[in-house]
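Use the sequences and the hints to build the structure in full.
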Amino acid sequence: MAHHPSPLVFIDAAVSHYPQLVAELGKTALVRVLPADKDGIAVITACVRQYSLTRHIVIVAHGAPGKLTWATAAWG
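Here the sequence shown stands for residues 1 to 76, numbered as in this note's numbering.
Quick caveat, the hints were computed from the structure, so don't treat them as lab data.
As the structure is a prediction and not an experimental result, all values here were calculated from the model.
Mixed in with the good hints there might be a few duds.
As the list claims (entries may be wrong) - Derived pair list, reagent style DSSO-like, types lysine-lysine, alpha-carbon separation capped at 30 Å: (1) LYS38 with LYS67; (2) LYS27 with LYS67; (3) LYS38 with LYS27.
Here is the structure:
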């Protein structure tokens, strides 16, 4: 298990200009892209288990009132 005090940022690959977000946010955070063909919840869960001391998780994705959609998963 790795320890990482920086925020963990997950960016849905469907978000416009996500490579620019990765480049900028990667300066101060650990950034992971959620591929369109993967279960986003599984990717997030695996990463959170790997980086046990992360205090902040940020998800950049599309959504609607009461619903968040990323990769092959939806929440809400």
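Consistency of the hints with the structure:
no.	hint	in the structure
1	LYS38 with LYS67	18 Å, holds
2	LYS27 with LYS67	29 Å, holds
3	LYS38 with LYS27	25 Å, holds
In summary, the structure agrees with every hint in the numbered list given earlier.
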